[in-house]
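Novice: Based on the hints, put chain B in the right spot on chain A.
2 protein chains.
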Amino acid sequence: MATNILILSAGTRNKVVQAFKKELAHNGKVFATDCSNIGPAIYDADEAIIVPKIKDPFYIDEILGVCKKNNINGVFSLIDPELSLLAENADRFTEAGVTPIVSSYELCETSLDKYRMYEMLVKLGIPTAKCYLSMEDFETAQAAGEVDFPVFVKPRNGSASININAVESKEMLIALFHDFDDLIIQEYMRGQEYGADVYIDLISGKCTDIFLKEKIKMRAGETDKSVSVKDERLFKQIASFVEIVGYRGMIDIDLFYDNATDIWYLSEVNPRFGGGYPHAYACGVNFPRCIINNLNGRENPVNIGDYQEGVYMMKYNELCILPEDKLAK
Amino acid sequence: MATNILILSAGTRNKVVQAFKKELAHNGKVFATDCSNIGPAIYDADEAIIVPKIKDPFYIDEILGVCKKNNINGVFSLIDPELSLLAENADRFTEAGVTPIVSSYELCETSLDKYRMYEMLVKLGIPTAKCYLSMEDFETAQAAGEVDFPVFVKPRNGSASININAVESKEMLIALFHDFDDLIIQEYMRGQEYGADVYIDLISGKCTDIFLKEKIKMRAGETDKSVSVKDERLFKQIASFVEIVGYRGMIDIDLFYDNATDIWYLSEVNPRFGGGYPHAYACGVNFPRCIINNLNGRENPVNIGDYQEGVYMMKYNELCILPEDKLAK
Chain A
1 MATNILILSA GTRNKVVQAF KKELAHNGKV FATDCSNIGP AIYDADEAII
51 VPKIKDPFYI DEILGVCKKN NINGVFSLID PELSLLAENA DRFTEAGVTP
101 IVSSYELCET SLDKYRMYEM LVKLGIPTAK CYLSMEDFET AQAAGEVDFP
151 VFVKPRNGSA SININAVESK EMLIALFHDF DDLIIQEYMR GQEYGADVYI
201 DLISGKCTDI FLKEKIKMRA GETDKSVSVK DERLFKQIAS FVEIVGYRGM
251 IDIDLFYDNA TDIWYLSEVN PRFGGGYPHA YACGVNFPRC IINNLNGREN
301 PVNIGDYQEG VYMMKYNELC ILPEDKLAK
Chain B
1 MATNILILSA GTRNKVVQAF KKELAHNGKV FATDCSNIGP AIYDADEAII
51 VPKIKDPFYI DEILGVCKKN NINGVFSLID PELSLLAENA DRFTEAGVTP
101 IVSSYELCET SLDKYRMYEM LVKLGIPTAK CYLSMEDFET AQAAGEVDFP
151 VFVKPRNGSA SININAVESK EMLIALFHDF DDLIIQEYMR GQEYGADVYI
201 DLISGKCTDI FLKEKIKMRA GETDKSVSVK DERLFKQIAS FVEIVGYRGM
251 IDIDLFYDNA TDIWYLSEVN PRFGGGYPHA YACGVNFPRC IINNLNGREN
301 PVNIGDYQEG VYMMKYNELC ILPEDKLAK
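Chains A and B, in that order, are what the protein sequence lines are. The opening position of the first sequence corresponds to residue 1 in UniProt numbering, with each subsequent residue numbered one higher. The opening position of the second sequence corresponds to residue 1 in UniProt numbering, with each subsequent residue numbered one higher.
With the rest of the complex left out, here is chain A (with noise of 0.2 Å):
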């Protein structure tokens, strides 16, 4: 039976949407949105459609519209402030015959507040940094000696980075409440950085595929060099963690390990196919394929672990070249 499958706001995830087009070949096609005809990635679809900003109020009816139209399977998106909206209107599409590939509103809502998922994680017992939402409780903080400078400074919400490392002064922490709001005082994590790319059965509701890598170069917020590595006993934690909390579908995981304590810190979730994921597709860890199989009614087995290891992954420019004329109307 064909697939198609929608990807909402596509942007310049290419690799994303290749993934899909090989996984389908010629068995369903893939149809990618953009709000804007010069993101790239809708170009490498089956069909770039242009629909309108996400805060427009009929935004979501364009989309069923779209979904009904081009016999639609599965509809997932790439951008975080899209999943909590997805996820709320996860009925109508249901009803329309569409599955929406994301987890439920709540978790969405908690994933994407780093205040509250610090809350979550504290409340589950799972080591994360410290969190404070204003300058006072850093103070208190680090008069009673529990945290002190450098510390991350973060916006509370959405994923939009300040991009500056680490805040080393309390000038700059005054600069930055003076000129940003809602912001976070994370504790600065000094343990090497990894990620996860997680799927979790939208059947099965079992966590079937971990990919672990280990952050070698970050740029601009996002992983751009990475190596495969693998922790059978941070498998099993990831596997526990997001099947009792109750992730579906595609999940990008942010993760410390202190050498020192032999910790891992969970640091952020992603509930979304994450900017490194192309790296685990690579290495054969296949979540296009896992959806399909769920779209067509099928249980993927658990299969933590399957790739191999010390394969390394390195980012560089593509480019997407088209004249006016060939943009998408």
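Among the hints, erroneous ones may be present.
One copy or two, it doesn't matter: identical chains are merged, so the pair holds either way.
Unchecked claim - For lysine to any residue, the following SDA-like pairs were computed, each having C-alpha atoms within a straight-line distance of at most 25 Å: (1) Lys170 with Asp182; (2) Lys217 with Pro155; (3) Lys22 with Thr99; (4) Lys170 with Ser134; (5) Lys217 with Asn157; (6) Lys230 with Ala328; (7) Lys22 with Leu322; (8) Lys21 with Cys320; (9) Lys326 with Gly284; (10) Lys217 with Lys326; (11) Lys230 with Ser36; (12) Lys217 with Cys35; (13) Lys230 with Leu327; (14) Lys215 with Ser36; (15) Lys130 with Phe149; (16) Lys215 with Asp325; (17) Lys215 with Met117; (18) Lys53 with Gly65; (19) Lys329 with Ile49; (20) Lys217 with Lys329; (21) Lys217 with Ile50; (22) Lys68 with Leu85.
It is worth saying that the hints were derived from the structure and are not from the lab.
Specialist: The following block gives chain B in isolation, referenced to the frame of chain A:
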């Protein structure tokens, strides 16, 4: 005659390596170096060569050795800190029969020091953003009504960006000068940003090619999306400037256009391939061909503005995937 090219510090500039490979076809080889074996661009060359860091005292000896061993005809670097080094040792390369494709030492030093560049542009009467070396100088100018927030704050040397686009407050200015050394404060340019890829013939010293693009979106200090445009008046201004100052080979110029006053402002010159050059190459503005011609004793004809307008460039991430045992040694 076969032409062999050596590309130093290739890093993630795969598209530049690929362009030379394509232009040389079977009539020469491309060699590329990096101090790291997880820089992806070296793997697109005919031969990937791991070399010491540029600060190593024997670095130039090592590169000269690579040139001799591989009958290299021309050499250039893709990173700023290496330009002056190459220019300083130009004679050693020339004596070995290798053409260093780089501007003079003095001009590299000036171009990479934002304050010296500002002084040179002012002296030449070329419009540019006002520039201050200290908070005191800025505040004096601010009190005199010459300049006001927002401002750009950048390291005086080097292309590394502090990643704050515009500084809006005195608090942030204080924090930045507290945390970082050798900063400059630049007037915030409100105009549209443009980039020009320019070639100055190594033999005739004439400006032979200019590709102008409107920058649509920046990401981590690099042009992420751009569109080709033309402006005959600016072409003349650029050709005159680069010939008077004496640049050589491929350079990259950052510009702002102020619609209200109809003035072009020159903001920066990088005397090397710019990060956005592959857009020019895709539009047929062929610097590798110019270089190969020059290395073979042929002058290039003046051919400014020979490309199509309205061609869009959109960057996305491509991956180089290699298992540990396939990395260069």
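Novice: State whether the alpha carbon distance between Lys170 and Asp182 is at most 25 Å within one copy, between copies, both, or neither.
Specialist: both (18 Å within a copy, 20 Å between copies)
Novice: With 25 Å as the alpha-carbon cut-off, assign the pair Lys217 and Lys326 to within, between, both or neither.
Specialist: between (36 Å within a copy, 20 Å between copies)
Novice: Given identical chains, is Lys170 near Ser134, meaning Cα to Cα at most 25 Å, within a copy, between copies, both, or neither?
Specialist: So Lys170 and Ser134 pass the 25 Å test inside a copy (13 Å) and across (21 Å) alike.
Novice: Cα distance capped at 25 Å. Does Lys22 pair with Leu322 within a copy, between copies, both, or neither?
Specialist: Both ways: Lys22 and Leu322 sit 23 Å apart in one copy and 21 Å across, limit 25 Å.
Novice: Using 25 Å as the alpha carbon limit, work out where Lys217 and Asn157 are close: within a copy, between copies, both or neither.
Specialist: This pair counts as both: shortest intra-copy Cα distance 24 Å, inter-copy 23 Å.
Novice: Using 25 Å as the alpha carbon limit, work out where Lys217 and Ile50 are close: within a copy, between copies, both or neither.
Specialist: Cα proximity of Lys217 and Ile50: across copies only (19 Å, versus 34 Å in one copy).
Novice: With identical chains, the pair Lys230 and Leu327 could be close in the same copy or across copies; at 25 Å between alpha carbons, which is it: within, between, both, or neither?
Specialist: Cα proximity of Lys230 and Leu327: across copies only (20 Å, versus 43 Å in one copy).
Novice: Using 25 Å as the alpha carbon limit, work out where Lys217 and Lys329 are close: within a copy, between copies, both or neither.
Specialist: Close across copies (20 Å), not inside one copy (37 Å); limit 25 Å.
Novice: When no copy is specified for Lys230 and Ser36, does a C-alpha distance of 25 Å or less occur within a copy, between copies, both, or neither?
Specialist: Answer is between: at 24 Å across copies they meet the 25 Å cutoff, but 39 Å inside does not.
Novice: If the cut is 25 Å between Cα atoms, do Lys53 and Gly65 qualify within a copy, between copies, both or neither?
Specialist: Classified as within; 15 Å inside a copy, 56 Å across copies.
Novice: Tell me, please, which holds for Lys326 and Gly284 at an alpha-carbon limit of 25 Å: within, between, both or neither?
Specialist: between (34 Å within a copy, 18 Å between copies)
Novice: Measure nothing new, just compare the shortest in-copy and cross-copy C-alpha distances for Lys215 and Asp325 to 25 Å and report within, between, both or neither.
Specialist: Between copies only: 19 Å across chains, 40 Å inside a chain, cut-off 25 Å.
The structure meets every hint from the earlier list without exception.
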